[in-house]
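Engineer: Sequence:
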Amino acid sequence: MSHHSAAFGLMQENSNNTAKAQSKGPFEVPRIADVWVQHIPIAPRQENTAVFLPPDNIAIIGGIATKGNTTATTDLVQLYFDRGKSMEYSVADGKIFILGGLAETATAWNAAPASRVDNPGTDVWEELDDMPDARGSAAVGAWEGKIILAGGLKQIQLVSPYAQDTVATVSIYDIKARICTEAPEMPDARDHAGAAIVDGKFYVLGGRTNASIRCKNTTLVLDLGDFNAGWTTLETRMPTARSGLSVGAVGTKIYTFGGEGNLEVDSGVFNQTEAYDVETGHWATLEQMEVPRHGTAGVSAAGKIYIPGGGEVIGIGPSSYFDGFAVLG
1 MSHHSAAFGL MQENSNNTAK AQSKGPFEVP RIADVWVQHI PIAPRQENTA
51 VFLPPDNIAI IGGIATKGNT TATTDLVQLY FDRGKSMEYS VADGKIFILG
101 GLAETATAWN AAPASRVDNP GTDVWEELDD MPDARGSAAV GAWEGKIILA
151 GGLKQIQLVS PYAQDTVATV SIYDIKARIC TEAPEMPDAR DHAGAAIVDG
201 KFYVLGGRTN ASIRCKNTTL VLDLGDFNAG WTTLETRMPT ARSGLSVGAV
251 GTKIYTFGGE GNLEVDSGVF NQTEAYDVET GHWATLEQME VPRHGTAGVS
301 AAGKIYIPGG GEVIGIGPSS YFDGFAVLG
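For what it's worth, my numbering labels the leading residue of the sequence shown as 1, then goes sequentially.
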């Protein structure tokens, strides 16, 4: 299973137990066409999110880390949190926002409403009002001062019957007013979906409902210029139904990587790389992942999509592998 945070924009936030490795300088982006590039490994983790912090850093946030590995020094900023397993993150206005998430107990991961905002330049965390409809593993995007959270999980039981509570709720968080409002629900409930914003439209790709093997191959779209118009569903389905996938957009193409729920391999993890062109409405199959993973984020920066860590087996299996997919730009 994967457990993600859900909030992205130019804001990001984390819990009080934070360790940050200082950036050693800008990362280099190879200008080559659609190829995989391996990067320096990170401390093993999955169910993390990651965001781009201009001008030249990536913050890797939250998730499940191998015990004893709390920080790592690379040319990236890495933020680690102990209290939340699946927080909802976003970057907006130069800050990191945590908007709810999942918190672990002995028998379940339950929705946790606590929210915070951090200015990476000062490392001062400000408490925000609790999320009114908290959940984790939502699809998240940031757009024009708002953070969109779509779907997610209210609970994952860790004991029999191992039930999962997936929702179709959509929340819009205004980063200036610091208030959260509801938008029209998605046509169906889903969690662990991918998300991307292209040309003012919010795409929610794949995901699952109430179990890691109940994967979806549909893509839902919300026009961010008219929230009240509600959702539409793309006619063209994803070539591979999957959840816990990593997603990044470059230009008018949305790239999808990995995921879990694969019944054809022992690991239960997908290695597929597929791209959707919003202009043509077509999907393309691209070079597969060298190390298939689920439960991490895709970070788009300078024509490349970075994918740090993730899980190498269905459920829990944190990986240190860090690669990127370079797109001809």
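Keep in mind the hints are simulated off the structure, nothing from the lab.
Note that this is a predicted model, so its numbers are computed, not measured.
Glycine included, every Cβ here is placed at the ideal spot set by N, Cα and C.
Take these hints with a grain of salt, some might be off.
To be verified - Beta-carbon label-pair distances, calculated as ranges:
(1) Arg-237 to Asp-266: 23 to 31 Å
(2) His-282 to Asp-223: 19 to 27 Å
(3) Asp-223 to Val-37: 21 to 29 Å
(4) Asp-174 to Asp-199: 19 to 27 Å
(5) Gly-251 to Asp-174: 23 to 31 Å
(6) Asp-266 to Val-37: 22 to 30 Å
(7) Pro-161 to Gly-303: 21 to 29 Å
(8) Thr-122 to Leu-263: 29 to 37 Å
(9) Arg-237 to Val-35: 31 to 39 Å
(10) Pro-161 to Val-37: 28 to 36 Å
(11) Asp-174 to Ala-106: 33 to 41 Å
(12) Thr-107 to Gly-281: 24 to 32 Å
As the list claims (entries may be wrong) - Using 30 Å as the maximum straight-line C-alpha spacing, the simulated DSS-like pairs for lysine-lysine come out as follows:
(13) Lys-176 to Lys-146
(14) Lys-201 to Lys-176
(15) Lys-146 to Lys-253
(16) Lys-154 to Lys-176
(17) Lys-201 to Lys-253
(18) Lys-201 to Lys-146
(19) Lys-201 to Lys-154
Engineer: Hints first: check each against the structure and report whether it holds.
Structural biologist: For each hint, the structure was consulted:
no.	hint	result
1	Arg-237 to Asp-266: 23 to 31 Å	holds, 26 Å
2	His-282 to Asp-223: 19 to 27 Å	holds, 21 Å
3	Asp-223 to Val-37: 21 to 29 Å	violated, 34 Å
4	Asp-174 to Asp-199: 19 to 27 Å	holds, 22 Å
5	Gly-251 to Asp-174: 23 to 31 Å	holds, 28 Å
6	Asp-266 to Val-37: 22 to 30 Å	holds, 27 Å
7	Pro-161 to Gly-303: 21 to 29 Å	violated, 46 Å
8	Thr-122 to Leu-263: 29 to 37 Å	violated, 47 Å
9	Arg-237 to Val-35: 31 to 39 Å	violated, 27 Å
10	Pro-161 to Val-37: 28 to 36 Å	violated, 43 Å
11	Asp-174 to Ala-106: 33 to 41 Å	holds, 36 Å
12	Thr-107 to Gly-281: 24 to 32 Å	violated, 45 Å
13	Lys-176 to Lys-146	holds, 8 Å
14	Lys-201 to Lys-176	holds, 21 Å
15	Lys-146 to Lys-253	holds, 22 Å
16	Lys-154 to Lys-176	holds, 26 Å
17	Lys-201 to Lys-253	holds, 13 Å
18	Lys-201 to Lys-146	holds, 13 Å
19	Lys-201 to Lys-154	holds, 26 Å
This entry does not satisfy hints 3, 7, 8, 9, 10, 12, going by the numbered hints stated previously.
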